[in-house]
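Trainee: Chains as they are written, first to last, in the working numbering: chain A, -1 to 352; chain B, -1 to 352.
Be aware that a few hints might be false.
Identical copies carry no separate label here, and so any pair may be met within one copy or between two of them.
Each computed DSS-like pair below joins lysine-lysine, with the alpha-carbon atoms no more than 30 Å apart [claimed, not checked]:
1) Lys251 <-> Lys300
2) Lys294 <-> Lys161
3) Lys99 <-> Lys31
4) Lys101 <-> Lys292
5) Lys330 <-> Lys99
6) Lys31 <-> Lys292
7) Lys168 <-> Lys31
8) Lys101 <-> Lys223
9) Lys62 <-> Lys223
10) Lys128 <-> Lys300
11) Lys128 <-> Lys13
12) Lys179 <-> Lys115
13) Lys128 <-> Lys161
No wet-lab data here; the hints were simulated from the structure.
2 protein chains.
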Amino acid sequence: MSEKNYRFIDACWRKPVDYTPIWIMRQAGRYMKEYQDIRNKVSFLELCKTPELAAEVTILPIDKLGVDAAILFSDILIPVEAMGMNLEFGDGGPHLGSPVKNKSDVDRLIVPSPQEKVPFVMETIKLLRKELDGRVPLIGFSGAPFTLASYMVEGGGTSSFVKIKTMMFKDPETIHALLNKVAKTVICYLNAQIEAGAQAVQIFDSWAGTLSPRDYQEFALSYTKQVIDGLNRENIPVIYFVQGNPGVLELVKQAGSDVIGVDWRINLDVAWNRVGYDVAVQGNLEPCALFLPKDKLEERAKEILNQAGGRPGHIFNLGHGILPQATVENAKFLVEAVHKFRIQNTEDRTQTRE
Amino acid sequence: MSEKNYRFIDACWRKPVDYTPIWIMRQAGRYMKEYQDIRNKVSFLELCKTPELAAEVTILPIDKLGVDAAILFSDILIPVEAMGMNLEFGDGGPHLGSPVKNKSDVDRLIVPSPQEKVPFVMETIKLLRKELDGRVPLIGFSGAPFTLASYMVEGGGTSSFVKIKTMMFKDPETIHALLNKVAKTVICYLNAQIEAGAQAVQIFDSWAGTLSPRDYQEFALSYTKQVIDGLNRENIPVIYFVQGNPGVLELVKQAGSDVIGVDWRINLDVAWNRVGYDVAVQGNLEPCALFLPKDKLEERAKEILNQAGGRPGHIFNLGHGILPQATVENAKFLVEAVHKFRIQNTEDRTQTRE
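Generate coordinates for the entire structure from the input sequences, incorporating the hints supplied.
Mentor: Structure follows, in C-alpha cells:
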C-alpha cells in the first residue's frame, strides 16, 4: 500500500499513463457507512471544521474504492461563511442568513484571510499530506465565483435562479461588485490550499449551466478566469468543472484550466473534440449509472474509455457527484473496471503495433 | 383586428414571412393580472377543465401582447390524470398520488380515450377556433413520453430524477412498459386535439435534459419519435422542445419534427447549424432577460434575430416559460421589438440587392 501513484497528476498534464486514473466527485459521502457513522456523531459543519475528522473521511474512498486521487473533504460554502455570512445546514440543504440584496450588503462582506478565518482547511490539508504519504495526490477545491455568488444571493439552493438573474439584469453594478469580491476570496483561498500542500485544485461551477452563452461569459467565465490567472499554479494542475450546459464548452476552455470537467449530458468524444486536445478532460459517467447491474455498468465505463480513445489526458470521473443511493460495491467495481480496461487497451494497441 | 395572421404557420414550414413571428411559452400565466383575477375565483384544475375560462385565458396574450400564435391553456399532466392517476396542485406544484413503482402499477393504467376522459380539452379548442376566427393560429400541446413518465414515477417535480433513473437502470422492463403506454396516450391525445382544430402541436420534453445522449436515445427520443410518427400531421406542423441540454440537439432532430425548440443555453446560430437548415427552429431568449431595461432587452432580441440571419424558418420565443416575475409591459415590448426589427432587416436586405 506504499506505492506512489501519480497517474492522476500525469493525466492532468496529458502525460501517458499505464491505466486511466479515476476519482469520484463527492467520493467521501453519504453512500458510505463509515461516513454516516461519523456524521451520526458530529454535525456536517463540525466535520468540515475538525481536521482529524475531515482527513479521516477524505481518506475513506482511497482505502475502500482504490481511487487515484483524494479530494479535500469540505463544503463549498466554507469561504462564503468566512466572508461574513451566516451558514446553517438543514434538511433542505445549506441556508445562508441575510442573503445579499444590494451594494451595501456586498460592501459589508470581507475578503477573508484563509489563515485567520478558515485555518482548519489548511490544517486538514497538512494532515492529509502526511497521512497519505504520497499514495495518491490530494486535490483542493473551491466553488467558482458565479456559483458561490448564486448561493449568496439566493440564500441557498434554487432551481430557478430568479434572484441572482434579477440582480444580473436589474442591478449589474451590485452583482459585479459581489463577483469581484468572491473572486478575490477564491484566489486567496485556493492559494492557501496550494501553499498548505494541495497538489491540484478543482473549481466547481455547479450552477453556471443555468446561463446563456453571453451571460456565462460576463458573469461566470470572466471571474473564473480571474481566479485561475491569480493562482500560484506552477506544477499545480487546475481543473474547471461547469455542470449543466454542454452548450458553453468551447467558452469554458477560455478560462485557461489544465483540465476541463465534462458532465454526462454530452458524449466525451464530442466534448473533447469541441474543447480541443491541448487540454485534458475529466468525466463523465451519468451518476445514476451506478444503479446498473455490474455488466451494464462496465459496458458504460468502457464506452467512455473508448470515447477517450486511449489519448493521454483523460481522468475518469462521474459527470456529477455520487448520489447517497449508490453502493460502495458498485463504486469499487467501477474503479476496478476502469483500471482493468485501460491495461487491456494498452495491450491491444501494443499487439497492433507488432 | 380581423387580419388573418399565418406568419407562425408559414415560419414552421420555413416559408418567407414579412417579420419573424413570436409567441411565448406560458404566455397565459401568473405574470398577467387578468389571469390572476380568474385564478382567484377558480382552482388551477377547474380553470383547465372549464372550456370558457380556458379559452378566455388562452386569448389574453393575443390581445395584450400581440403574439402571433395562441397556445391551448391546459396542464401537461391532464392526460396523466386521465390514465388513472390522482392529480393535485399544492404550493410545491403538481402532486401525483401513488407514483408508479412497478410493472403492476403500469398495468393498472389505461390508455384513455380523449373524447371520453378529457372532452373539455377538445371543447376548449373548438371554442378557441371560433373565438380566434383566424386572427392567429392555435397550437395544441402535450408533454413528451419521458417527461410525463418522470412525473408519474417521481410523483411530482424533482431536481435529481433519482426515482425514474433508478427504474431505468434497475427495472428497464417496467419503464419501457410505462413509456409505451404513455406514448400511445400522447398519440391519441394530440390526434384528438388536431381533429378538434389545433393548427400545430408542440411536444414538451421539459425533463429530457437530465439524460445522457445514450439514455436520451433509449428513453426519450425513441418514444417521442413513436408519437410523431403516429400523428395525423398533414398540414399540421409539429414542434419538439427539449429543455436543458444542448448536448443532444443533433439527436433531437431524429424525432422528425418540423420545428425544433431551442433553449437559451446555446446560441441560436450554433444550434441551427447543428440541427441543420432543413428544419425550422424556435427560441431562444433567456426568460429572465425580460427583467432587463428595455434598451438591453431589445439588444438581446436583435442579437437572436441576427443569429437567425433572416433565414426563413425562425419562430421567436423564450428559451423556457415566462416567469411570474416578468411584466406584461416588457413582454409586450419584446413582441413589438421582434416585429419591428424584422421589417428593418428585410428593408436592409432589399437595399443590399438594389
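Trainee: For every hint, state whether the structure bears it out.
Mentor: Results for each hint:
1. Lys251 <-> Lys300: both (26 Å within a copy, 27 Å between copies)
2. Lys294 <-> Lys161: between (41 Å within a copy, 19 Å between copies)
3. Lys99 <-> Lys31: Between copies, since 26 Å is at most 30 Å while 40 Å is not.
4. Lys101 <-> Lys292: between (53 Å within a copy, 23 Å between copies)
5. Lys330 <-> Lys99: So Lys330 and Lys99 pass the 30 Å test across copies only (28 Å; inside, 45 Å).
6. Lys31 <-> Lys292: within (21 Å within a copy, 55 Å between copies)
7. Lys168 <-> Lys31: Close across copies (22 Å), not inside one copy (47 Å); limit 30 Å.
8. Lys101 <-> Lys223: Answer is within; shortest intra-copy Cα gap is 23 Å, inter-copy 50 Å.
9. Lys62 <-> Lys223: neither (36 Å within a copy, 44 Å between copies)
10. Lys128 <-> Lys300: For Lys128 and Lys300, neither the intra-copy (35 Å) nor the inter-copy (58 Å) Cα distance is at most 30 Å.
11. Lys128 <-> Lys13: Within. Shortest intra-copy distance 26 Å satisfies the 30 Å Cα cut-off; inter-copy 69 Å does not.
12. Lys179 <-> Lys115: within (16 Å within a copy, 57 Å between copies)
13. Lys128 <-> Lys161: For Lys128 and Lys161, neither the intra-copy (43 Å) nor the inter-copy (41 Å) Cα distance is at most 30 Å.
Consistency with the previously given hints fails for numbers 9, 10, 13, ordered from lowest to highest.
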